[in-house]
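Just so you know, the sequences run in chain order A and B.
Sequential numbering of the first sequence, starting at 16, is according to our numbering.
Sequential numbering of the second sequence, starting at 16, is according to our numbering.
I should point out that these hints are in silico values taken from the structure, not numbers from a laboratory.
Note that the structure is predicted; figures quoted are calculated from it, not measured.
It is possible that some hints are incorrect.
One copy or any two copies: either way a pair holds, since identical chains are not told apart in the list.
Claimed, not checked - As a list, the in silico SDA-like pairs of lysine to any residue whose alpha-carbon atoms are at most 25 Å apart:
{"hint": "1", "residue 1": "K132", "residue 2": "S66"}
{"hint": "2", "residue 1": "K130", "residue 2": "E27"}
{"hint": "3", "residue 1": "K88", "residue 2": "E27"}
{"hint": "4", "residue 1": "K88", "residue 2": "A147"}
{"hint": "5", "residue 1": "K130", "residue 2": "P144"}
{"hint": "6", "residue 1": "K88", "residue 2": "P141"}
{"hint": "7", "residue 1": "K132", "residue 2": "A28"}
{"hint": "8", "residue 1": "K132", "residue 2": "M82"}
{"hint": "9", "residue 1": "K104", "residue 2": "A140"}
{"hint": "10", "residue 1": "K130", "residue 2": "H32"}
{"hint": "11", "residue 1": "K104", "residue 2": "T135"}
{"hint": "12", "residue 1": "K132", "residue 2": "G19"}
{"hint": "13", "residue 1": "K88", "residue 2": "R152"}
{"hint": "14", "residue 1": "K132", "residue 2": "L26"}
{"hint": "15", "residue 1": "K132", "residue 2": "R36"}
{"hint": "16", "residue 1": "K88", "residue 2": "G19"}
{"hint": "17", "residue 1": "K132", "residue 2": "P21"}
{"hint": "18", "residue 1": "K132", "residue 2": "S56"}
{"hint": "19", "residue 1": "K104", "residue 2": "P125"}
{"hint": "20", "residue 1": "K104", "residue 2": "A25"}
{"hint": "21", "residue 1": "K132", "residue 2": "E27"}
{"hint": "22", "residue 1": "K130", "residue 2": "M95"}
{"hint": "23", "residue 1": "K88", "residue 2": "G107"}
{"hint": "24", "residue 1": "K132", "residue 2": "D156"}
{"hint": "25", "residue 1": "K88", "residue 2": "Q46"}
2 protein chains.
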Amino acid sequence: MSDGDPSDYALEAQVGHLLRRAYQRHLALFQGIMGEDGPTSMQFATLVTLSQRGPLSQNLLGRMLAMDPPTVKGVVTRLMARGLVVRQKDPGDARLLLVALTPAAEAALPGWVAKAKAITAATLAPLSPSDAARLARLLRDLT
Amino acid sequence: MSDGDPSDYALEAQVGHLLRRAYQRHLALFQGIMGEDGPTSMQFATLVTLSQRGPLSQNLLGRMLAMDPPTVKGVVTRLMARGLVVRQKDPGDARLLLVALTPAAEAALPGWVAKAKAITAATLAPLSPSDAARLARLLRDLT
DNA sequence: TGCCAATCGTTTGCAGGATAACGAGCTTAG
DNA sequence: CTAAGCTCGTTATCCTGCAAACGATTGGCA
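Could you put together the complete structure from these sequences and hints?
In structure tokens:
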């Protein structure tokens, strides 16, 4: 049955490899369309989430975006350095660090959201609309 | 048409986010099944490719696996540190660094290939076989 | 009330991934 | 045959991501 002959392993056909390539292409499109001074993929996801839900603790932000605590810290630190986000202690719970958008971020966000929609369209461009919907369903099921 | 209202942007439904989550889950399965002393995802892809094609230059390896030169260097350096790979100058072209498997790698590879097949199966477990094939086709088309 | 467990944030260390810039070697056109 | 241009590898810098270990705070339970 499942033996270990390396010549019997088609790397190009493995899901893991295909997922990596597809995500890699998406990130390249993201960076190209968002441009030099735009946010990175995870920075944008963070900003949109804060815009929709209001100030959040780093931990909650991480759980919503599937980032672990060290990664959240890195993203928030870089957003802070760019003046897009501020951090302040929660008055009610001294463990929490609430992250909130700055006015600069709120001003820039609409333009970035429009670009993000173009990025999704560009990523899905090779597929028909029905295939795009099928892909979304399959990827969701994979979780 | 495509305006920039952030509350009109469903992050969970974007392909980029779904691709990231799916790949993230795959990597977790990879690491869990391969175990402590097993290779990482990219290290394994490198070893299998070298096993199938024989010694390759870093650059060619990178093109086959979709890694850019700095990334290849990092992966090869770590494989060298683990004694799984050696590097030597190409006699015919002094620019090339040929990367080749060590006997230790050839001995360990069959066991790792068997695990890699289990990883693919685990990644695809939530899908029916026909859905798995559909997903592979859609991801391939996305390139 | 007082202590223990859970939660939150941080740090460190490792791995992958991209860009930009550079030096060294090969190849080809003039 | 020489000079221009291409290829290859390396370095540096930045961003994402995971695990493990740690200090601080909170909350619940004995």
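Structure-based check of each hint:
no. : hint        : result
1   : K132 x S66  : within (16 Å within a copy, 42 Å between copies)
2   : K130 x E27  : between (31 Å within a copy, 17 Å between copies)
3   : K88 x E27   : between (35 Å within a copy, 21 Å between copies)
4   : K88 x A147  : neither (33 Å within a copy, 36 Å between copies)
5   : K130 x P144 : within (19 Å within a copy, 36 Å between copies)
6   : K88 x P141  : neither (35 Å within a copy, 32 Å between copies)
7   : K132 x A28  : between (30 Å within a copy, 11 Å between copies)
8   : K132 x M82  : within (22 Å within a copy, 27 Å between copies)
9   : K104 x A140 : neither (44 Å within a copy, 43 Å between copies)
10  : K130 x H32  : between (27 Å within a copy, 15 Å between copies)
11  : K104 x T135 : neither (35 Å within a copy, 44 Å between copies)
12  : K132 x G19  : between (44 Å within a copy, 9 Å between copies)
13  : K88 x R152  : neither (31 Å within a copy, 37 Å between copies)
14  : K132 x L26  : between (32 Å within a copy, 10 Å between copies)
15  : K132 x R36  : both (21 Å within a copy, 19 Å between copies)
16  : K88 x G19   : neither (41 Å within a copy, 27 Å between copies)
17  : K132 x P21  : between (42 Å within a copy, 11 Å between copies)
18  : K132 x S56  : within (13 Å within a copy, 31 Å between copies)
19  : K104 x P125 : neither (28 Å within a copy, 53 Å between copies)
20  : K104 x A25  : neither (51 Å within a copy, 28 Å between copies)
21  : K132 x E27  : between (29 Å within a copy, 13 Å between copies)
22  : K130 x M95  : within (22 Å within a copy, 42 Å between copies)
23  : K88 x G107  : within (21 Å within a copy, 49 Å between copies)
24  : K132 x D156 : both (23 Å within a copy, 20 Å between copies)
25  : K88 x Q46   : both (21 Å within a copy, 23 Å between copies)
When held up to the earlier numbered hints, the structure conflicts with 4, 6, 9, 11, 13, 16, 19, 20 and fits the remainder.
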